[in-house]
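Q: Whole structure, please, built from the sequences with the hints as guidance.
For the record, the sequence lines run as chains A and B. For the first sequence, counting from 1, position 76 maps to 76 in our numbering; every step adds exactly one. Positions in the second sequence are counted from 1; adding 330 to them yields our numbering.
The reader is advised that the hints may include incorrect statements.
Stretch-level coverage of chain A by chain B, calculated; a stretch enters the list once three of its residues show a Cβ under 8 Å from a Cβ in chain B [to be verified]:
{"id": "1", "region": "53-62"}
{"id": "2", "region": "249-262"}
{"id": "3", "region": "304-316"}
Simulated restraints, written as ranges between beta carbons of each label pair [what the hints assert, rightly or not]:
{"id": "4", "chain 1": "B", "residue 1": "379", "chain 2": "A", "residue 2": "227", "range": "33 to 43 Å"}
{"id": "5", "chain 1": "B", "residue 1": "530", "chain 2": "A", "residue 2": "201", "range": "44 to 54 Å"}
{"id": "6", "chain 1": "B", "residue 1": "348", "chain 2": "A", "residue 2": "209", "range": "16 to 26 Å"}
{"id": "7", "chain 1": "B", "residue 1": "344", "chain 2": "A", "residue 2": "227", "range": "27 to 37 Å"}
{"id": "8", "chain 1": "A", "residue 1": "33", "chain 2": "B", "residue 2": "440", "range": "55 to 65 Å"}
The set of hints was computed from the structure by calculation and includes no laboratory data. Note that beta-carbon positions come from the ideal geometry of N, C-alpha and C, so glycine has one too.
In case you want the letters, here they are:
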Amino acid sequence: MLKESASPVRTASVESVTTRLRANGQLDKTAKRSLQVIHTAFYYLVILSLSFVFLYPLLYMLSKSMMQMQDVADATVQWIPTRLSFHNYTLAWKALNFWGGFANSAIISFGSAVLQILSCSLVGYGFARYRFPGYMVCFVLLLFTFLVPPQTIVVPLYLFFSDLGWINTHLPFVIPSLFGHGLKGALFVLIFIQFYRRMPNVLEEAARIDGAGPFRTYWKIMFPLAKPAMLIVFLFSVVWHWNDSFEPNTYLTTPDFYNLSQRLAMFYGTNNQAAEAMSQMTSGSIGMAPTGLNQIMAGCILAILPILILYLFVQRHFVESVERSGIAGE
Amino acid sequence: MKKSKLSMRARYFMEGYSFISLWLFGFLMFMAIPLGRSMYYSFHALKVSKDGLIATFVGTEHFRAAFTTDVNFLPLLKETMVSTLTQVPLILIFSLFCAILLNRGMIGKTFFRGVFFLPVIIASGAILSKLMDQGAANLPIFYNQNLYNKLSAFIPGDILETLLKYAESLTLVMWDSGVQILIFLAGLQTISISLYEAAKCDGATAWESFWKITFPMIMPMMLVNTLFSIVSSFTKADNQIMSHILNVVFKNNDFGYGSAMGWIYFIFIFLILGVVFLLFRKSLGATEGRK
Numbered sequence: 001m002l003k004e005s006a007s008p009v010r011t012a013s014v015e016s017v018t019t020r021l022r023a024n025g026q027l028d029k030t031a032k033r034s035l036q037v038i039h040t041a042f043y044y045l046v047i048l049s050l051s052f053v054f055l056y057p058l059l060y061m062l063s064k065s066m067m068q069m070q071d072v073a074d075a076t077v078q079w080i081p082t083r084l085s086f087h088n089y090t091l092a093w094k095a096l097n098f099w100g101g102f103a104n105s106a107i108i109s110f111g112s113a114v115l116q117i118l119s120c121s122l123v124g125y126g127f128a129r130y131r132f133p134g135y136m137v138c139f140v141l142l143l144f145t146f147l148v149p150p151q152t153i154v155v156p157l158y159l160f161f162s163d164l165g166w167i168n169t170h171l172p173f174v175i176p177s178l179f180g181h182g183l184k185g186a187l188f189v190l191i192f193i194q195f196y197r198r199m200p201n202v203l204e205e206a207a208r209i210d211g212a213g214p215f216r217t218y219w220k221i222m223f224p225l226a227k228p229a230m231l232i233v234f235l236f237s238v239v240w241h242w243n244d245s246f247e248p249n250t251y252l253t254t255p256d257f258y259n260l261s262q263r264l265a266m267f268y269g270t271n272n273q274a275a276e277a278m279s280q281m282t283s284g285s286i287g288m289a290p291t292g293l294n295q296i297m298a299g300c301i302l303a304i305l306p307i308l309i310l311y312l313f314v315q316r317h318f319v320e321s322v323e324r325s326g327i328a329g330e
Numbered sequence: 331m332k333k334s335k336l337s338m339r340a341r342y343f344m345e346g347y348s349f350i351s352l353w354l355f356g357f358l359m360f361m362a363i364p365l366g367r368s369m370y371y372s373f374h375a376l377k378v379s380k381d382g383l384i385a386t387f388v389g390t391e392h393f394r395a396a397f398t399t400d401v402n403f404l405p406l407l408k409e410t411m412v413s414t415l416t417q418v419p420l421i422l423i424f425s426l427f428c429a430i431l432l433n434r435g436m437i438g439k440t441f442f443r444g445v446f447f448l449p450v451i452i453a454s455g456a457i458l459s460k461l462m463d464q465g466a467a468n469l470p471i472f473y474n475q476n477l478y479n480k481l482s483a484f485i486p487g488d489i490l491e492t493l494l495k496y497a498e499s500l501t502l503v504m505w506d507s508g509v510q511i512l513i514f515l516a517g518l519q520t521i522s523i524s525l526y527e528a529a530k531c532d533g534a535t536a537w538e539s540f541w542k543i544t545f546p547m548i549m550p551m552m553l554v555n556t557l558f559s560i561v562s563s564f565t566k567a568d569n570q571i572m573s574h575i576l577n578v579v580f581k582n583n584d585f586g587y588g589s590a591m592g593w594i595y596f597i598f599i600f601l602i603l604g605v606v607f608l609l610f611r612k613s614l615g616a617t618e619g620r621k
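A: Next up, the structure:
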């Protein structure tokens with residue numbers, strides 16, 4: 001305070017000198033700075049708009065599911081419903097018979113996921129650490145398994161399972177998983193191979209010297225270390241089983257055994273009469289009002305809600321794990 | 331007791347085999363035998379009777395039928411092939427772009443990364459088909475703004491129409507690329523920063539260092555992603571061939587014909603995968619030499 005009031009002239013002159021001295025560099029710096037700001041702003045613009053594209057289905061479903069029929073039919077209502085309504089959810093809940101579908105979905109996806117973690121990890125370890133006669137043949141067969149579309153072998157598998165009496169049970173999903181197969185099982189084995197290959201040998205050697213057998217070494221030392229790979233396999237397996245419809249449609253044929261995504265596929269909204277009345281009220285636009293769209297969207301939300309919640313919890317660790325586990329590999 | 335008599339080498343082999351024995355057994359049960367049986371069925375006509383299935387040999391009749399008498403199969407096959415061949419390159423380009431965007435340090439890193447994987451959970455299977463039913467699988471920007479009329483003054487109609495069609499399918503491409511983005515992201519993390527620093531010292535621009543460093547280094551992931559995209563697009567839930575085969579098999583009970591179609595489909599997929607391997611052979615050899 002004192003200094004400033006004492007010699008305002010002097011400070012000003014000093015400033016002018018320094019600015020003159022730094023003029024060139026300073027200008028460069030500010031130009032660079034502003035360029036950087038523009039760059040960053042542009043970057044966030046791009047990433048935010050891309051994020052919108054990715055969030056779009058979720059936002060769309062959420063917004064439509066809370067609308068009433070009037071809002072769906074009304075072209076002036078884009079995103080925000082005029083009145084919040086959770087009625088659609090109760091209707092969809094009943095129409096989906098949520099708990100029944102949830103139980104089937106949960107048994108298939110969580111059961112298979114856990115078994116696939118156990119079996120694919122074991123097999124992956126074998127492939128990663130051992131070289132035995134016929135190794136290359138087995139490895140090529142593994143890749144081959146990954147590439148064979150399930151459509152090719154659906155007929156004999158169906159006949160095989162029906163001979164065993166497994167149709168309309170959860171066994172066609174769970175038992176192949178137990179043996180490291182099932183939905184995308186080969187991919188999960190590959191993920192574990194990639195992970196174990198990157199682990200140092202020293203840990204196992206230490207355990208072996210201490211007298212642990214190969215399986216004990218695997219179970220006590222290597223398996224617990226594979227958490228990142230386990231998380232990836234778990235999430236992928238749960239999500240893919242949850243959303244899969246090809247195999248459930250093949251092996252689960254009575255409505256009691258339908259899982260959530262099958263039930264959703266059959267669900268067309270029960271409010272058709274109301275929708276028709278609505279479209280007549282808005283006169284002229286008959287057929288324009290999508291029938292039961294809001295209920296279908298509520299059903300969609302309900303069908304993915306469990307894995308959405310799961311994803312919310314593991315998302316953070318999931319992306320980290322992908323980076324650490326070497327999923328991309330050579 | 332028996333183990334100790336074996337030599338070290340044999341014991342090591344046995345350990346290896348026992349680790350993968352679970353998978354080998356599964357492979358026999360759920361892959362090799364079904365594949366063999368499906369090959370057998372595809373050359374036979376199957377009749378369901380009291381004593382089980384009765385197979386009579388018909389030779390290549392089913393295969394010929396798929397190409398000549400079935401009015402649905404060939405168009406569906408062509409459609410699937412075309413959509414795969416056009417979408418896979420788009421997916422690759424887009425997911426690489428996203429991975430590079432997400433690889434930077436930024437505010438809300440985990441949030442954005444989480445968001446980009448979200449469609450894998452949401453927009454798949456039954457939900458995607460519900461969204462498509464409602465026309466909600468395409469962003470409204472392209473048709474809401476009447477882009478066709480606006481642009482038709484500058485671009486000839488035919489080209490514009492295909493372009494807009496492409497643009498519309500772009501949202502589906504984006505939603506399909508969640509896994510690929512993750513794989514690219516993981517790949518980008520493995521490239522050491524010192525490479526970029528060295529390039530910068532030598533005066534390389536960002537554009538140059540992308541083509542000279544990032545692109546060749548990420549080539550193996552490119553192959554992984556290409557294979558993954560191709561396989562997943564052939565086995566997608568909204569795949570028409572898949573439902574056609576299911577229909578033939580379970581509505582018409584025509585097991586033999588269904589198997590034959592499965593095999594034709596499989597052969598086509600393998601041809602495409604073979605071409606991909608050929609294309610990548612050169613560039614992969616280059617990266618391996620550098621390591």
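Q: Is it true that the C-beta distance of residue 530 of chain B to residue 201 of chain A lies inside 44 to 54 Å, as the hint says?
A: violated (36 Å)
Q: Given the range 16 to 26 Å, decide if the beta-carbon distance of residue 348 of chain B to residue 209 of chain A lies inside it.
A: Holds: the Cβ-Cβ distance is about 21 Å, inside 16 to 26 Å.
Q: Determine whether the Cβ-Cβ distance between residue 33 of chain A and residue 440 of chain B falls within the hinted range of 55 to 65 Å.
A: Violated, at about 28 Å.
Q: Given a hinted range of 27 to 37 Å, is it respected by the beta-carbon distance of residue 344 of chain B and residue 227 of chain A?
A: Holds, since residue 344 of chain B and residue 227 of chain A (Cβ atoms, about 29 Å apart) stay within the stated range.
Q: Okay, the region 249-262 of chain A and chain B, do three or more residues pass the C-beta test at under 8 Å?
A: With 4 residues closer than 8 Å to chain B, the region 249-262 of chain A meets the three-residue bar; holds.
Q: If you count the residues of the region 53-62 of chain A with a beta-carbon closer than 8 Å to a beta-carbon of chain B, do you get 3 or more?
A: Since 8 is at least three, the answer is holds.
Q: Quick check: the region 304-316 of chain A, covered by chain B? Criterion 3+ residues, Cβ under 8 Å.
A: holds (count 6)
Q: A range of 33 to 43 Å was offered for this pair. Does it hold for the Cβ distance of residue 379 of chain B and residue 227 of chain A?
A: violated (53 Å)
Checked against the numbered hints given earlier, this structure breaks hints 4, 5, 8; the rest are met.
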